[in-house]
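Got chain A; can you put chain B on it based on the hints?
Going line by line, the protein sequences match chains A and B. Sequential numbering from 17 applies to the first sequence in the working numbering. Sequential numbering from 17 applies to the second sequence in the working numbering.
Read the hints as simulated data drawn from the structure, not as lab findings.
In silico BS3-like pairs for lysine-lysine, Cα to Cα no more than 25 Å straight-line:
hint : chain 1 : residue 1 : chain 2 : residue 2
1    : A       : Lys116    : A       : Lys27
2    : A       : Lys321    : B       : Lys167
3    : A       : Lys221    : B       : Lys221
4    : A       : Lys232    : B       : Lys232
5    : B       : Lys167    : A       : Lys328
6    : A       : Lys167    : B       : Lys321
7    : B       : Lys328    : A       : Lys167
8    : B       : Lys27     : B       : Lys252
9    : B       : Lys221    : A       : Lys232
Read off the chains here:
2 protein chains.
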Amino acid sequence: MDELIEAIAAKQNPSVVGLDPKPGIVPAEIISSLADEVLQEVEGEDALPTLLATAYFEFNRAIIDAVADFVPAVKPQIAMYEALGSAGMDTYAMTCEYAKSQGLVVIGDAKRGDIGSTAGQYAAHLSGFANLSSYFEDENATGNALPQSLKNLLKSSKNLDVWHEDSLTVNPYMGSDGVKPFIDEAVAHDKSIFVLLRTSNPSSKELQELILQDGKPVYEHMADLIENWGASSIGKHGYSRVGAVVGATHPQEGKHLREIMPHTFFLVPGYGAQGGTAQDVAGMFDANSEGAIVNSSRGIIGAWKKSEDYAKNQGHMSLDDILDIVRDSAAVAAKNMRDDLRNAVYR
Amino acid sequence: MDELIEAIAAKQNPSVVGLDPKPGIVPAEIISSLADEVLQEVEGEDALPTLLATAYFEFNRAIIDAVADFVPAVKPQIAMYEALGSAGMDTYAMTCEYAKSQGLVVIGDAKRGDIGSTAGQYAAHLSGFANLSSYFEDENATGNALPQSLKNLLKSSKNLDVWHEDSLTVNPYMGSDGVKPFIDEAVAHDKSIFVLLRTSNPSSKELQELILQDGKPVYEHMADLIENWGASSIGKHGYSRVGAVVGATHPQEGKHLREIMPHTFFLVPGYGAQGGTAQDVAGMFDANSEGAIVNSSRGIIGAWKKSEDYAKNQGHMSLDDILDIVRDSAAVAAKNMRDDLRNAVYR
Chain A
17 MDELIEAIAA
27 KQNPSVVGLD
37 PKPGIVPAEI
47 ISSLADEVLQ
57 EVEGEDALPT
67 LLATAYFEFN
77 RAIIDAVADF
87 VPAVKPQIAM
97 YEALGSAGMD
107 TYAMTCEYAK
117 SQGLVVIGDA
127 KRGDIGSTAG
137 QYAAHLSGFA
147 NLSSYFEDEN
157 ATGNALPQSL
167 KNLLKSSKNL
177 DVWHEDSLTV
187 NPYMGSDGVK
197 PFIDEAVAHD
207 KSIFVLLRTS
217 NPSSKELQEL
227 ILQDGKPVYE
237 HMADLIENWG
247 ASSIGKHGYS
257 RVGAVVGATH
267 PQEGKHLREI
277 MPHTFFLVPG
287 YGAQGGTAQD
297 VAGMFDANSE
307 GAIVNSSRGI
317 IGAWKKSEDY
327 AKNQGHMSLD
337 DILDIVRDSA
347 AVAAKNMRDD
357 LRNAVYR
Chain B
17 MDELIEAIAA
27 KQNPSVVGLD
37 PKPGIVPAEI
47 ISSLADEVLQ
57 EVEGEDALPT
67 LLATAYFEFN
77 RAIIDAVADF
87 VPAVKPQIAM
97 YEALGSAGMD
107 TYAMTCEYAK
117 SQGLVVIGDA
127 KRGDIGSTAG
137 QYAAHLSGFA
147 NLSSYFEDEN
157 ATGNALPQSL
167 KNLLKSSKNL
177 DVWHEDSLTV
187 NPYMGSDGVK
197 PFIDEAVAHD
207 KSIFVLLRTS
217 NPSSKELQEL
227 ILQDGKPVYE
237 HMADLIENWG
247 ASSIGKHGYS
257 RVGAVVGATH
267 PQEGKHLREI
277 MPHTFFLVPG
287 YGAQGGTAQD
297 VAGMFDANSE
307 GAIVNSSRGI
317 IGAWKKSEDY
327 AKNQGHMSLD
337 DILDIVRDSA
347 AVAAKNMRDD
357 LRNAVYR
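Chain A on its own, in the form it takes in the complex (with noise of 0.2 Å):
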């Protein structure tokens, strides 16, 4: 977690921008202006994922440009692009790699989680190949039936990276076994991961509230759990590789799980969009201001449709024209979120 709280300290901003694109959050202007394009060169059941995917990438490019001087790290929703099929998940990585380049922190917001054996294969998203490569390494395995040059080609990409998150958001429902080869991969290679905990929505109470026989929230006992699940790997800022995920939108809760999880560092969506202030997560941080981020994606990546600009020229705009005005109107929105953060935060 080292290199998320550096990179937040460095910019004094603890916010993370959510690179959620959809339709109606992307211009249709760049998917018409792409069209042409993109249809000659693609057809049949492919056209349409393909455009989408590319309409999804200038985006975000857009977005990560927009904001890469002063925000610390983006949140690709990896929802979003699964949506499109596989070209959509070509731009989830293309995005994560671009974000990379430019100097962002990526978490990966992908929600996954399995049993043991299946968690470590879902693991690849922090170890890349390292893991898949040693396997072949095995001659007990399958290495004997492997030639030379295939061994060779297996030992030349241990470090061949395929989704390039910093970090991945993991889902807890099936306890130790299930997390743990996550965390594994994150020690293994200077990553992290963050677990739900207390996710924003409404409905999240209808498990993660209900009391157990000594009084407790579920919620409180997976807070042991994530902390616990934590503890070996405490970096210098005091901070675990193993964070949790913990809504805006409980604000009181927040504050608690604050005081009992020491260790553990906070992604906090539900900021703007959603209903919660900064004000509401201002308890999720710790005596020395740190300790959380909190992302806005909806209030960042749809600024655009406010902007007086888009107004004024919607029906004659060129590809230039509209992605200036995306850039133009999240820089304004990250700049006033982290502000507004600032404010809240930094007593």
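Okay, now just chain B, sitting in the frame of chain A:
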């Protein structure tokens, strides 16, 4: 769920074959046989992922061909493909599409879940492009900025399927509003979901067995939620479109859940390699020997490892030779599983 129930009845076989390729399960001979061809066409960072993704598909096709005549369904586990990046995701979609073309019901094991609006994007696994297309028809959102040619393309893409699954596993940690979008699309597109309830892994107890104030474990509370989520989509065989995942490693709990969830069809992992027996799963079927389907992955797709033919010919086999051995071994193992379940379940 009717389609799955009828496929099981037609083949008198309540089993599903898990398509979980990974190094060590996919014979190295398949990978090395394809290496020259693939590596000539694809270079750089894409080379190795493309080679493995190609090998995974050849392997899956052999398994599908071997079992399609007498097995009703397959369950590809998306984590295995995701570990290869977007090349792997292509193979996942191609595998689902090929299995459907061979008359199999495809249960996508993706364990997706998120808050409402995001879950709606994941639900494209069930809706394909229908949801996205309708979004673009909303003139207020984006429609009026799209040229007519693009609107036509979107209209004609309504039936575009991106992942080709008939059913999807879903994680309920976030409660109703995270599950409802999947149910809505399942209903709209004649598909189904399986919600994680009592997973087969040892540490599932850490959350799922916690005892609540009313003396019941968390999973029983979840059982009530799931039965309730399905109440409005009960089909002609008495089961709803909202199934549940119940591990074969919990035979007593499974029997009890069968009693308190009369309209919920069970997907039962954990048979075979994970230790569950036909006797263990028998109690998860109803009085008509319906109500559940049992998964085996490694026991079937890894059966080639124990074949005498493989031991004899290792080191000098063509691609056709090894695929023959994979097919023959999988067919024998899948028939043994069918007969084992028939004896225990069809009373």
